[in-house]
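With the hints as a guide, bring both chains together as one complex.
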Amino acid sequence: MSSAFLSRGFLGKHRQDGPPDRVPPGQYITHDFPVLSAGPTPRTPLERWSFEINGLVRQPVRWSWADFLRLPSRHYTVDIHCVTKWSKLDTQWEGVSVDTLLESVEVDPNAHFVIAFCDGGYTTNMPLKEIVEGNAFVGYQYNDAPLAPEHGGPARLVVPALYFWKSAKWVRGLTVIEKDKSGFWESLGYNNHGDPWKEERYHGD
Amino acid sequence: METELIKEVVPRILEWQISTVVKVRQETERVKTYTLALPKWIPHRAGQHYDVRLTAPDGYQTQRSYSIASSPEKKGEIDLTVERLEEGEVSTYLHDVLIVGDQVELRGPIGGYFVWEASMGGPLLLVAGGSGIVPLMAMIRHRIMVDSKIPIRLLYSSRTYEDIIYREELEQLSNDSSGLEVFHTLTRLQPQSWAGYQRRIDLKMLEEVALPLGNELKAYICGPTALVEDVANGLVALGIPASQIRTERFGPTGVP
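Which chain is which? The protein sequence lines are A and L, in order.
In terms of the numbering used here, the first sequence opens at residue 259 and continues consecutively.
In terms of the numbering used here, the second sequence opens at residue 997 and continues consecutively.
With the rest of the complex left out, here is chain L (with noise of 0.2 Å):
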């Protein structure tokens, strides 16, 4: 981590604005993405997140933060995706309650180091567990948009094919001549004929989709603790430097 490399984003103040749910999609079992209209849109980075806040009648608030799932290009609103928790507070609230029409409190965007854009260059490498994989999606769209032509390999790991978040437009662009290679993983159940990996990340895995795009590569890593961490380490291990290596992790209910 070299702050010095870093650009300084101009100081914004962020303000609290009160977005409109225009759509809802049901990702997977217990996903879905909202996609949310801005009174004030501002544009974000690839990357970063919102902190959206809800208030009871009694005054009560509390908030959580969401990485946003939408490219950049995308103006005037963004997509947040949710995974339920089961003892979440917020999660629970937007997967049971929040329907097209409602309201949701938030501000953002939020964050300024994990965060990619075209003009950083690459090539990427993007390794994903479970709902890790929504900062990187937004990644990969702002890549898709402006028509970058930087190699792009996503190593994913989820827990069985049906929990795989963005599965088919996924597919779909690793067919396209895009340049984007996935490369999934699932940890507990694999499909019959499945020819992707069928473990928990490790070092070899790393070797075989990571060494291909060369020692220039930038990482950014994001999902539950122990995936980042073996990852991150993974990586230093192979002889990428801890410089080309971004990550963020889930908080205390991230278990893969």
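The following block holds chain A by itself, in its conformation from the complex (with noise of 0.2 Å):
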């Protein structure tokens, strides 16, 4: 983490970030919402639209929109921290909670990762147990308002402890294996595993 080389008549005079156990190393804070995604925004129609749990779970289930909503949801105030460098503090969503989806069946005791899989065809894949115990969400709905589709709408995967690109936009399911496989920055120089507090952005580090 620490070097000893110095960036001559650099004092960072510019720093005006947010609480340090709040910010991870190598982070700035924005207020903005930067948008970032690797081809065109995937526009679903609604009633096309469904959220499956599969993999190595006895029955795989599926949610269509209406009954998506219908699942017991919550407000959640996180932090959010991207790979680019920019953090985000108390981002206001709603939405359904790993675990609830989690209820709807039973999942193998030899599963220990998940790839989630989104329209456009997106993967990034997690251990299964960071996303539970309230680790993650289902959002749709952003600052009360539908979540946007540049931002990820109708719903994206939300997993505050991890770098962002694991928050899988366009989410549509969730995909539950025994040994872990890479997704698609994953597979591209990103780091597997992504928390932001150890700095673990690319792969090696």
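Hints are computed from structural coordinates only; laboratory data are not their basis.
Be careful, since some hints might not be right.
[To be verified] The calculated lysine-lysine pairs, modelled on DSS-like cross-linking and capped at a C-alpha distance of 30 Å, are:
(1) K1070(L) with K1019(L)
(2) K1070(L) with K1036(L)
(3) K343(A) with K1019(L)
(4) K1200(L) with K343(A)
(5) K456(A) with K1214(L)
(6) K1036(L) with K1019(L)
(7) K1071(L) with K343(A)
(8) K343(A) with K1214(L)
(9) K271(A) with K387(A)
(10) K1028(L) with K387(A)
(11) K1200(L) with K346(A)
(12) K456(A) with K346(A)
(13) K1028(L) with K271(A)
(14) K271(A) with K1019(L)
(15) K1200(L) with K1214(L)
(16) K437(A) with K1200(L)
(17) K439(A) with K1214(L)
Laid out in structure tokens, this is it:
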């Protein structure tokens, strides 16, 4: 992390960053909500939208948009951290906890990882244990309004404890698996895990 | 975005290294290019970026990502083209402090999707807004350096004539028999007798520039979010499959 190198004439005079216990190393605060994605924004009509949990579960489950909205939801206030260095504090969401979703399936005891899959073909992987116990949700409202398509609407996975590429936009489901398998950015040089507090940005960090 | 089609890159650990500024070039009033000599230069793919890290005497550090402007064929050094953002912490340092002979800590190259190399084929449609031209310029330069004949069209939106980055080089390349065709649009102010477009990129403009390349084109779009959204949606509306459209956006400060 630390290096002996000093940047000549750099004092960091612009640092106006938030509380150090909320801004991970190498991050800066933005009040904007930047958009980053690798391709065009998918637009799936809500009547064709569904959310599915499959893989190592006894019986896969699938909700239509209308069914999904009937699931118990919660309001969340979370800090988010993008690998491109911006962090945004106190973002306001409404969505369904992953715990609530998993209550509808019986997960195989051998399952240890999940792959989130999305409209547009994006995927991202993470350990199952890091998205349960209140640590992740599928958000569909942002700042009391439907989540905008460029931010991942109609629904996006939100995993605040990991870099934001894990918070898959346009999410359509979770596949529960036994052995870890790289997702989209994870197979393109980004870190497999992505803990912002350990600065796990790229492969080998 | 079809992950299956992407070549799995060999994972490589990215180490920080100390580069030396060998040249600074003023591109426009607010944009400079820094040529950096790297002790551990690694061939990049056009479109990739480096992370720059600044360290203050008290240990405070901050990082930003900058696209590589130079082609991978230019060995031992890289060009980073940086726009000075008034509120920026790193770009103001680079612009106001950094001179030839200074050292810059960085690591890279990073990014494996918004990349193009001649072996990936074409034809290529490049669409840039402002300093979004930088990674696309690396693709153009690479295409020239390897003497590829793949057709390239660049549609480049700038505010004014003076804001066009790499203007002379683009002019020269499009006058050569290189096969590069450049279409400028100036959204704020146009010189007298300006023959190019003079509005924000819209569907009609995309139709005129993109459709002659055919439906097989590969599109790379880089710029502020609104431009990227409009262009990507427009290309989809024109029948270009989403899997052939790759996008890269600025962060919070890339307002056109």
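These are the hints, each one checked on the structure:
About 14 Å separates the Cα atoms of K1070(L) and K1019(L), which keeps this hinted pair within 30 Å; it holds. A distance of roughly 14 Å separates the Cα atoms of K1070(L) and K1036(L); the hinted pair therefore holds under the 30 Å criterion. A threshold of 30 Å between alpha carbons decides the hint, and for K343(A) with K1019(L) the separation of about 27 Å falls inside it, so the pair holds. Note on K1200(L) and K343(A): the hinted pairing is violated, with a Cα-Cα distance of about 36 Å set against a maximum of 30 Å.
Distance restraint check for K456(A) and K1214(L): the Cα-Cα separation of roughly 37 Å exceeds the 30 Å cut-off, and the hinted pair is therefore not satisfied. Between K1036(L) and K1019(L) the alpha-carbon distance is near 18 Å, which keeps this suggested pair within the 30 Å criterion. Restraint check: the Cα-Cα separation between K1071(L) and K343(A) comes to about 28 Å, which is no more than 30 Å; the hinted pair holds. Restraint check for K343(A) and K1214(L): the C-alpha separation of about 29 Å stays at or below 30 Å, so the hint holds.
A hinted pair counts as satisfied when its Cα atoms are at most 30 Å apart, and K271(A) with K387(A) does not qualify at roughly 40 Å. The straight-line distance between the Cα atoms of K1028(L) and K387(A) is roughly 47 Å, outside the 30 Å bound, and the hint therefore fails. Straight-line distance between C-alpha atoms of K1200(L) and K346(A) comes to about 37 Å, which puts the hinted pair past the 30 Å bound. Between the alpha carbons of K456(A) and K346(A) the distance comes to roughly 18 Å, so the proposed pair stays at or under 30 Å and holds.
Distance restraint check for K1028(L) and K271(A): the Cα-Cα separation of roughly 21 Å lies within the 30 Å cut-off, and the hinted pair is therefore satisfied. Proximity of K271(A) to K1019(L) is assessed by CA-CA distance (about 26 Å); at most 30 Å being required, the pair is judged to hold. Taking the CA atoms of K1200(L) and K1214(L), the gap is about 19 Å. The hint holds against a cut of 30 Å. With a C-alpha separation of about 49 Å, the suggested pairing of K437(A) with K1200(L) is violated against the 30 Å cut-off.
A hinted pair counts as satisfied when its Cα atoms are at most 30 Å apart, and K439(A) with K1214(L) qualifies at roughly 28 Å.
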